[in-house]
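**Student:** Sequence:
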Amino acid sequence: MTFQEIFQEVRDLIYANDLSGLEGHLAVQINIQGEGEGILYIELLEGKVYVEPYEYYDRDCIFIVSGDDFLKICKGELDSVKAFTTGKLKVQGSIDKALQFQKIANKVQKNSAKKTEAPSKATKKK
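The sequence shown runs contiguously to residue 119 in my numbering.
Don't take every hint at face value.
As the list claims (entries may be wrong) - Restraint-style ranges between C-beta atoms, simulated for each label pair:
hint: 1; residue 1: D11; residue 2: G80; range: 27 to 35 Å
hint: 2; residue 1: G40; residue 2: T79; range: 26 to 34 Å
hint: 3; residue 1: G80; residue 2: S13; range: 29 to 37 Å
hint: 4; residue 1: T79; residue 2: E30; range: 15 to 23 Å
hint: 5; residue 1: E(-2); residue 2: D89; range: 15 to 23 Å
hint: 6; residue 1: I88; residue 2: L15; range: 25 to 33 Å
hint: 7; residue 1: T(-5); residue 2: D89; range: 27 to 35 Å
hint: 8; residue 1: T79; residue 2: E39; range: 31 to 39 Å
hint: 9; residue 1: K41; residue 2: G80; range: 30 to 38 Å
hint: 10; residue 1: G80; residue 2: I32; range: 30 to 38 Å
hint: 11; residue 1: E16; residue 2: T79; range: 18 to 26 Å
hint: 12; residue 1: Q1; residue 2: E48; range: 27 to 35 Å
hint: 13; residue 1: I88; residue 2: Y43; range: 18 to 26 Å
Unchecked claim - Below, a list of computed lysine to any residue pairs in the SDA-like style, where the Cα atoms sit at most 20 Å apart:
hint: 14; residue 1: K100; residue 2: Q26
hint: 15; residue 1: K68; residue 2: Q1
hint: 16; residue 1: K65; residue 2: D51
hint: 17; residue 1: K81; residue 2: Q26
hint: 18; residue 1: K75; residue 2: Y49
No lab work stands behind these hints: they were computed from the structure.
Predicted, not measured: the structure shown is a model, and the values here were computed from it.
Think of the CB as a built atom: it goes at the ideal place given N, C-alpha and C, for glycine as much as any other residue.
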């Protein structure tokens, strides 16, 4: 995958979900390494989440990860703590803030699961 494809998929995953209820401020820069190398950031600010393909200088932490592994984390296919402990994800900066990122990922995963379940339930009723 190219960086643009990785970025667009992350952005689409996050923006397609209702992330209301998330509070506080969090700025995570994601340094994609290997195939599709590039930098993006995810920021939680005043209850809204922003995803942009830029370096974020006032970030709370940096994730260093492959594009495939970061997409797996966002989709719930790879637990971020497990990725960290196995060396697939490296974190620079605040570990506490890095753990807060899991709130965003959990909401995306939860909402995505609901969306994929809904059509199957409707199909069963027919």
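**Student:** Evaluate each hint against the coordinates.
**Tutor:** Consistency of the hints with the structure:
A beta carbon spacing of about 33 Å between D11 and G80 agrees with the range 27 to 35 Å that was offered as a hint. Distance hint check: the CB atoms of G40 and T79 are about 33 Å apart, consistent with the given range 26 to 34 Å. Separated by about 34 Å at the C-beta atoms, G80 and S13 satisfy the suggested range of 29 to 37 Å. The hinted window of 15 to 23 Å between T79 and E30 holds, with their beta carbons roughly 21 Å apart.
With their beta carbons about 31 Å apart, E(-2) and D89 fall outside the hinted range of 15 to 23 Å. Taken as a hint, the range 25 to 33 Å is violated for the pair I88 and L15, whose Cβ atoms sit roughly 19 Å apart. A hinted range of 27 to 35 Å holds for the C-beta pair T(-5) and D89, which are about 33 Å apart. Checked against the hint of 31 to 39 Å, the pair T79 and E39 passes, with Cβ atoms roughly 34 Å apart.
In this structure, K41 and G80 meet the distance hint of 30 to 38 Å, their C-beta atoms being roughly 33 Å apart. Distance hint for G80 and I32: a CB-CB separation of about 20 Å, inconsistent with the stated range 30 to 38 Å. A hinted range of 18 to 26 Å for the beta carbons of E16 and T79 is inconsistent with their spacing of about 31 Å. In this structure the supplied range 27 to 35 Å is violated for Q1 paired with E48, their Cβ-Cβ distance being about 18 Å.
Here the CB-CB span from I88 to Y43 is close to 22 Å, well matched to the stated 18 to 26 Å. A C-alpha spacing of about 25 Å is found between K100 and Q26, which places the hinted pair above 20 Å, so the restraint is violated. Taken as a hint, the K68 and Q1 pair is honoured in the structure, with Cα atoms around 14 Å apart against an allowance of 20 Å. Taking the CA atoms of K65 and D51, the gap is about 26 Å. The hint is violated against a cut of 20 Å.
Proposed proximity of K81 and Q26 is supported: the alpha carbons are some 11 Å apart, at most 20 Å. Between K75 and Y49 the alpha-carbon distance is near 25 Å, which puts this suggested pair outside the 20 Å criterion.
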